[in-house]
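Visitor: Using the sequences plus the hints, can you model the full thing?
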Amino acid sequence: ADVPFATETILSASSNDGNNYDWNDKFDYSSGVIAFHWSFAQQIEALNTHNVFMSAKNADDAVSSWSVLRDGDDSKSINKSLKDQPFNFYVHRASHTDETAAPPGCDSIMVLVPCKPLVRMTELASLPREEAILKYKQQFDEDLVNDVREAVMERLSVLQGFENLQDNLIDEVIDTPGTYADYYNVGGGVPFGLSHGLGQLSLTRPGAEPSTHDNVLFVGASSRPGNGVPLVLIGAKLVAKRAIKKLQRKGSNIQ
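With the numbering used here applied, the sequence shown covers 797 to 1051.
Hints are computed from structural coordinates only; laboratory data are not their basis. Errors might be hidden in some of the hints.
Cross-link-like lysine-lysine pairs, in silico, DSBU-like; alpha carbons within 30 Å at most [to be verified]:
1) 1033 - 1046
2) 933 - 876
3) 931 - 876
4) 853 - 931
Have a look at the derived ranges for each label pair, beta carbon to beta carbon [as the list claims (entries may be wrong)]:
5) 1038 - 877: 44 to 52 Å
6) 850 - 1038: 38 to 46 Å
7) 1000 - 1033: 33 to 41 Å
8) 960 - 809: 52 to 60 Å
9) 842 - 1049: 52 to 60 Å
10) 993 - 879: 26 to 34 Å
11) 924 - 959: 43 to 51 Å
12) 1034 - 994: 35 to 43 Å
13) 1034 - 809: 27 to 35 Å
Because the structure is a prediction, the values reported are computed rather than measured. Ideal placement from N, C-alpha and C gives every residue a C-beta, glycine not left out.
Guide: In C-alpha cells:
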C-alpha cells in the first residue's frame, strides 16, 4: 500500500477495516502503464535489454505522443485507434543479458505503454474492496487494451525477425492500472507513485510521519525522498533509523 491509499483507506476513520479501496486524489500522479508480458516461441535478437520506441515525425507529433493516452477523455483523439496516432512505449528483454529468462529457442519481453491513472469515483469508497476494484478495472476494458496491444504489435512488426511475432506468441499476461491497484493497493493504480513536479519535491512531498498517527511511518515511491529504486532504498534506510529511535525512546533495547 502506498501513501495516498493508506491515508484514505487504512488510516482513515471511515475505513472499513481496510476492506475497501480508495485514495487521496489531491496529489499529482506519475503516469499509469498498460503492461504486456509476452512469451514467444522464437528468439528476438533485434532487441537490446532496454528499448524505447518513440514516434515523432514532427514537433506536434512529439508533443502529442506523450499525451495521447494520458489525456484520456480530454484527448482530441479519443475516438481514433491508437494505431493512427503517435505514441511511445518501452520494451524490456531480460534474456539479452540473462539467458535463464527464457527457455532455449524462446524469448520473453515486457512492454510498458504510458496511460492515464484510474479516475477516482467517490461512490466506490464505501463498497467492499472486490466490488470497487472490479469497477475500476472496467476503466481499462477489453476494447481499449486490445487497441493498444494491436498498435504495439504493428509497430514492432517492422523490426527484423518480428514479421511473425503474433503467430509465435505462446503466453500473455496483461496489467493495467486496475490490476496494479488490486495487487499492490497503489493510489490510482499508478505503479510509480506521485509525480515529481515542483509541488511534490523534497519538503513538499509527503514525509515519513503522518500527523494523525504516531505509530505509523511511511516509505516508498510516494513519500520522501521520491520514486525510483535508489530513492526508495534511501527512504527505507532513513525510516528504519527513525523507527529504531522511536522504539528506543519507548524503552526497547533494539539497536
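Visitor: Hint by hint, note whether the structure agrees.
Guide: Tested hints:
| no. | hint | result |
| --- | --- | --- |
| 1 | 1033 - 1046 | holds (20 Å) |
| 2 | 933 - 876 | holds (22 Å) |
| 3 | 931 - 876 | holds (24 Å) |
| 4 | 853 - 931 | violated (38 Å) |
| 5 | 1038 - 877: 44 to 52 Å | holds (50 Å) |
| 6 | 850 - 1038: 38 to 46 Å | holds (41 Å) |
| 7 | 1000 - 1033: 33 to 41 Å | violated (21 Å) |
| 8 | 960 - 809: 52 to 60 Å | holds (57 Å) |
| 9 | 842 - 1049: 52 to 60 Å | holds (58 Å) |
| 10 | 993 - 879: 26 to 34 Å | holds (31 Å) |
| 11 | 924 - 959: 43 to 51 Å | holds (47 Å) |
| 12 | 1034 - 994: 35 to 43 Å | violated (22 Å) |
| 13 | 1034 - 809: 27 to 35 Å | holds (28 Å) |
When held up to the earlier numbered hints, the structure conflicts with 4, 7, 12 and fits the remainder.
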